[in-house]
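Trainee: What follows is each chain in one-letter form.
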Amino acid sequence: MSMTATTRKVEGVSIVDLSGRITIGEGTVVLKEAVRSLLNKREMNILLNLGDVSYIDSSGIGELVSSFTTAGKQGGKLKLLNLTKKVHDLLSITKLLTVFEVFDDEAKAIRSF
Amino acid sequence: MNNQDSVIELRIQSNLEYTDLVENITNNLTALAGCDSDQAYFIEMAVREIVVNAIRHGNQLDLDKVVRVHYRFNSERFEVGILDQGGGFDFDHLPDPCDPENLMKSSGRGIFLVRSFMDDFSLARLPNQGTEVKFAKKLSRPQGC
Numbered sequence: 109m110s111m112t113a114t115t116r117k118v119e120g121v122s123i124v125d126l127s128g129r130i131t132i133g134e135g136t137v138v139l140k141e142a143v144r145s146l147l148n149k150r151e152m153n154i155l156l157n158l159g160d161v162s163y164i165d166s167s168g169i170g171e172l173v174s175s176f177t178t179a180g181k182q183g184g185k186l187k188l189l190n191l192t193k194k195v196h197d198l199l200s201i202t203k204l205l206t207v208f209e210v211f212d213d214e215a216k217a218i219r220s221f
Numbered sequence: 041m042n043n044q045d046s047v048i049e050l051r052i053q054s055n056l057e058y059t060d061l062v063e064n065i066t067n068n069l070t071a072l073a074g075c076d077s078d079q080a081y082f083i084e085m086a087v088r089e090i091v092v093n094a095i096r097h098g099n100q101l102d103l104d105k106v107v108r109v110h111y112r113f114n115s116e117r118f119e120v121g122i123l124d125q126g127g128g129f130d131f132d133h134l135p136d137p138c139d140p141e142n143l144m145k146s147s148g149r150g151i152f153l154v155r156s157f158m159d160d161f162s163l164a165r166l167p168n169q170g171t172e173v174k175f176a177k178k179l180s181r182p183q184g185c
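The listed protein sequences derive, respectively, from chains D and A. With positions in the first sequence counted from 1, the corresponding number in the working numbering is that position plus 108. With positions in the second sequence counted from 1, the corresponding number in the working numbering is that position plus 40.
These are computed hints drawn from the structure, not numbers from a lab. Everything numeric in this text was worked out from a predicted model, so none of it was measured. Keep in mind that a hint or two might mislead.
Heads up, simulated DSSO-like pairs for lysine-lysine below, C-alpha to C-alpha not over 27 angstroms straight-line [said to hold, decoys possible]: (1) D:K193 <-> A:K145; (2) D:K140 <-> A:K145; (3) D:K193 <-> A:K105; (4) D:K181 <-> D:K203; (5) D:K140 <-> D:K117; (6) A:K145 <-> D:K194; (7) D:K193 <-> D:K149; (8) A:K174 <-> D:K194; (9) D:K117 <-> D:K216; (10) D:K187 <-> A:K178; (11) D:K203 <-> A:K178; (12) D:K149 <-> A:K145; (13) D:K203 <-> A:K145; (14) A:K178 <-> D:K194; (15) D:K203 <-> A:K174; (16) D:K185 <-> A:K145; (17) A:K178 <-> D:K181.
Turn these sequences into a full structure, and let the hints guide you.
Mentor: Structure representation (structure tokens):
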């Protein structure tokens, strides 16, 4: 299953609805390009909606970290929304839940920026 | 699935495009072994991570080198061995991706994840061959089945 990224803007926050698998190759490239494209347009408040992400591998986790770091270096913020249990478990075991701000509620996530 | 071991072996060229193929075959085999959805997910993830490592880091994407994936399973246990033809690496000193100094690195989590989710895990350098990664998942059954 291929990966898609659709961006919408709500109250100054760019929400990227990701769907599919974030794995080495196409999945990580789609994520990387979506985030870089927003940063290039100076859209600095980014919320990645992972609710429809069925699978993420270590390269996908690496791209999340890389996107977070890139956004931070440019003065932006990148947060996560709607983790599935498996993605939550992967971020927990890799200690990345200590790095990312994670939300289950979109409105609450938007207010946090 | 009876308790006789089933054995399957694949040999693939060192091309990342074949990882989806290996993943699909792995999913078919975990279904055949009677794995539940969580077991199948973790085995699929582990195979994918190690095959990608073998192609990229072991065989350095050299299309003249192959990766061998060996499956052995029965109703109680699912074992996988993955052998590359690379020069090996210092697996006694793999950095801990959870260490604060490594936490923000964009790579280095694959083997850590496989170790975390499998019941057995080993790495070995086979003389004149390459690096072999072996791992296994116990397949617990509900009582009475």
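Trainee: Hints the structure violates: just list their numbers, smallest first.
Mentor: Per hint list: 3, 7, 10, 17 violated.
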